[in-house]
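If you read the protein sequences in the order shown, they are chains F and V. If you count the first sequence from 1, position 58 lands on 58 in my numbering, and the numbers rise without skipping. If you count the second sequence from 1, position 188 lands on 188 in my numbering, and the numbers rise without skipping.
Treat the hints as calculated values from the structure; they're not laboratory data. Take these hints with a grain of salt, some might be off.
Which copy is meant is left open, because identical chains are indistinguishable; a pair holds if it fits in one copy or across any two.
What the hints assert, rightly or not - Below, in silico cross-link-like pairs of lysine-lysine (DSBU-like), each with a Cα-Cα straight-line distance of 35 Å or less:
hint : residue 1 : residue 2
1    : Lys386    : Lys262
2    : Lys209    : Lys262
3    : Lys76     : Lys31
4    : Lys209    : Lys319
5    : Lys319    : Lys208
6    : Lys61     : Lys209
7    : Lys262    : Lys208
2 protein chains.
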Amino acid sequence: MKHFLLILALFVLSATNLVLAQTSKAIEDFKPSEVNQPGKAFPQVNSEGRVRAQISAPEAKLVQLDIGGVKYDMVKDEDGVWTGESAPQDEGFHYYQLNIDGASVPDPGTKFFYGAGRWGSGIEIPAHDRDFYAMKEVPHGLVSELNYFSPLTQSFRRCFVYTPPGYETSTDQRYPVLYLQHGSFEDETGWPGQGKANLILDNLIAEKKAVPMIIVMDNGYAYEPHENSDGNSRPVSVFEEVMISEIIPMIDARFRTILDRKHRAIAGLSMGANQTMRIIMNNLGVFSNYGGFSGTSNYPSSSEIDPATFLDGKFDDGKKVNEQIDVFWLGLGTKEPEPFPGSVGAFRKMLEKQGIEYVYYESPETAHEWQTWRRSLHEYAQRLFKKN
Amino acid sequence: MKHFLLILALFVLSATNLVLAQTSKAIEDFKPSEVNQPGKAFPQVNSEGRVRAQISAPEAKLVQLDIGGVKYDMVKDEDGVWTGESAPQDEGFHYYQLNIDGASVPDPGTKFFYGAGRWGSGIEIPAHDRDFYAMKEVPHGLVSELNYFSPLTQSFRRCFVYTPPGYETSTDQRYPVLYLQHGSFEDETGWPGQGKANLILDNLIAEKKAVPMIIVMDNGYAYEPHENSDGNSRPVSVFEEVMISEIIPMIDARFRTILDRKHRAIAGLSMGANQTMRIIMNNLGVFSNYGGFSGTSNYPSSSEIDPATFLDGKFDDGKKVNEQIDVFWLGLGTKEPEPFPGSVGAFRKMLEKQGIEYVYYESPETAHEWQTWRRSLHEYAQRLFKKN
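Work out the full structure: start from the sequences and follow the hints.
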């Protein structure tokens with residue numbers, strides 16, 4: 001018995017080593033990431049989705065590639081250049097950074113993206129379905145930066161406005177509008193940047209799969225001004241008020257929108273899904289379409305929802321919700337960690353109990369990341385503004 | 001004599017030390033730079049224009065602040081946080097980076113800007129005249145990102161288009177256009193980013209000092225596709241052809257422009273000044289206004305220009321040039337290094353010899369940097385499109 005256990009242990013150990021050895025041996029088909037800075041050879045990605053980073057740091061003692069919550073030691077060559085690679089990453093876009101002798105810094109090889117509360121490096125693992133957000137020879141809409149002063153927050157704010165191809169010349173046409181929000185520790189650059197919202201719509205419109213629409217991407221952080229200087233109290237969010245009484249009137253005055261609830265949609269990812277669900281349920285006279293990408297307003301709870309009390313009973317009359325909302329859409333990645341599957345699952349159970357019609361989409365093999373949200377927008381946008 | 005020299009040497013040394021000590025003692029009124037990432041306390045700038053950077057790098061041996069061509073050693077505290085400051089910098093915007101044990105990386109405290117051939121850190125030294133590019137409660141135009149396929153280069157290219165306040169709603173109005181180019185190792189993000197072209201025009205238009213105009217900011221690097229893969233031959237620039245046969249027709253088709261030469265201007269900074277001077281002189285049927293900010297087409301030569309041969313004799317008939325060009329404008333910073341003052345000076349001598357009318361502006365106390373070019377645009381834009 002003792003011998004058997006010893007042999008078993010050795011077998012397990014050697015099998016483990018074998019797996020480790022195989023894991024660390026990367027297939028040598030690395031290519032520069034598509035979001036590298038012009039002319040930069042590194043970082044690179046191989047067909048397994050491994051990321052290989054490289055940086056010159058001749059005097060450094062320890063350089064690490066920090067991606068997906070794991071720090072991978074890099075190795076220095078005789079010229080002082082450090083190289084190292086990660087385990088395979090999921091398809092799509094990821095934030096990451098380098099650690100040089102304890103300093104966390106962006107990799108100077110990549111373009112920079114705002115997420116995780118900072119402007120930092122990004123990497124693109126080519127996805128099998130990347131065609132839907134590829135830059136193609138189709139008519140391209142504009143993404144316009146709009147700066148405005150917000151009286152409610154007493155601050156200058158900014159949104160990006162996608163106008164579809166033909167908007168500038170078809171001056172008699174008016175368009176429906178999707179208000180599309182980012183997640184926590186992200187900002188208004190997320191959807192037009194790593195989210196590729198403009199390219200997703202350009203391609204869908206070229207294929208006649210989506211109605212030409214305007215998309216407004218604003219910043220979900222908006223606070224009352226007098227709270228900003230008071231360190232003892234939690235800042236009071238006025239994002240809903242900014243959306244309803246500042247952003248929408250400004251967009252309706254400045255762009256050729258269709259001025260009714262049937263032609264307005266609101267959607268968001270994660271924190272944005274939570275925020276926008278509250279906004280539509282409080283303002284059913286303003287919007288008739290909702291999209292929740294990897295989030296719902298019961299977050300982070302996975303407990304059973306009581307529709308009589310949840311969001312002040314806004315889902316209590318299921319028939320009325322069905323009458324008022326044209327598209328109620330939820331999406332989630334199959335690899336998302338808790339509490340997302342639990343809280344979205346509890347929310348879906350409530351919808352089903354109430355007889356509320358909704359669409360549910362699962363993004364295969366993606367986590368709480370941008371590939372889930374690109375796919376969600378791609379699916380969601382095709383359903384919008386098609387009911388009369 | 002020996003003693004005298006020794007005493008003199010000691011005196012000089014101690015005086016030098018005194019100067020060094022004074023130089024290194026900064027006035028303690030540092031404030032976070034206005035182009036820091038949200039919530040980041042460093043880098044900071046004081047009233048002398050010194051930059052103080054800070055980064056945690058507990059295991060590092062040497063960390064330096066690398067700005068204005070000088071590397072300043074930073075000092076580590078007991079928590080492993082490095083802090084250090086530069087000598088006073090000129091007013092305005094500067095690119096910079098950190099060096100951590102030999103690795104050149106962006107400072108994670110700042111937003112990132114494209115210049116010097118990379119996306120990297122930037123710092124803003126508050127200028128005495130910063131009001132003219134400040135974000136104010138005035139009507140704001142849009143800055144629109146326009147992606148397009150360029151047959152000449154067989155590539156996707158991008159420009160940013162500023163449309164003035166009122167453009168979206170005054171649909172009967174047509175506007176003049178300024179084509180505005182960046183410098184070498186910069187790109188189409190320079191003018192709408194660190195150049196603040198949109199804010200400069202928003203403010204000028206609000207004060208009725210400039211005519212409402214469209215500004216098109218494209219990328220000055222454009223090469224024939226077959227040259228890209230051939231390492232032995234120098235890539236052939238086709239930027240002029242792209243400007244004339246791709247960009248301008250696209251802008252005229254998509255935006256409400258005034259379709260004649262009197263209502264088109266072209267300007268650029270440094271490399272862009274050189275490029276755009278060639279473009280206007282080769283295409284006087286297309287443009288009637290020129291702006292050269294810190295550059296001319298005789299760059300880098302300071303030699304006397306022979307108008308009979310320079311640019312194929314385009315300046316040989318001064319009277320004709322005066323008839324054809326409404327505004328011929330040149331600008332330079334008083335602290336610019338050679339060859340800029342020499343080559344611009346030689347060019348001005350040629351203009352004067354030929355009797356060609358031009359405006360010359362000097363930006364006080366600025367070098368070959370963005371504060372010179374912000375001021376140049378501010379001065380230049382006020383003169384445009386005012387002749388009948």
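#### Entry: Intra/inter-copy verdict for Lys386 and Lys262 if alpha-carbon distance must be at most 35 Å
Classified as within: same-chain Cα gap 10 Å, cross-chain 46 Å, threshold 35 Å.
### Task
Tell me, please, which holds for Lys61 and Lys209 at an alpha-carbon limit of 35 Å: within, between, both or neither?
Close neither inside one copy (54 Å) nor across copies (57 Å); limit 35 Å.
### Query
When no copy is named, should Lys209 and Lys262 be tagged within, between, both, or neither for a Cα gap of at most 35 Å?
within (19 Å within a copy, 43 Å between copies)
### Alpha-carbon proximity between Lys262 and Lys208, which holds within one copy, between copies, both or neither at 35 Å
Intra 20 Å, inter 41 Å, cutoff 35 Å: intra-copy only.
### Query
At most 35 Å between C-alpha atoms: does Lys319 with Lys208 qualify within a copy, between copies, both, or neither?
within (32 Å within a copy, 56 Å between copies)
### Query
Between copies, within a copy, both or neither: which fits Lys76 and Lys31 at Cα up to 35 Å?
within (20 Å within a copy, 38 Å between copies)
### Query
Is it within a copy, between copies, both, or neither that the alpha carbon of Lys209 lies no farther than 35 Å from that of Lys319?
within (29 Å within a copy, 59 Å between copies)
Of the numbered hints stated above, the single one contradicted by the structure is hint 6.
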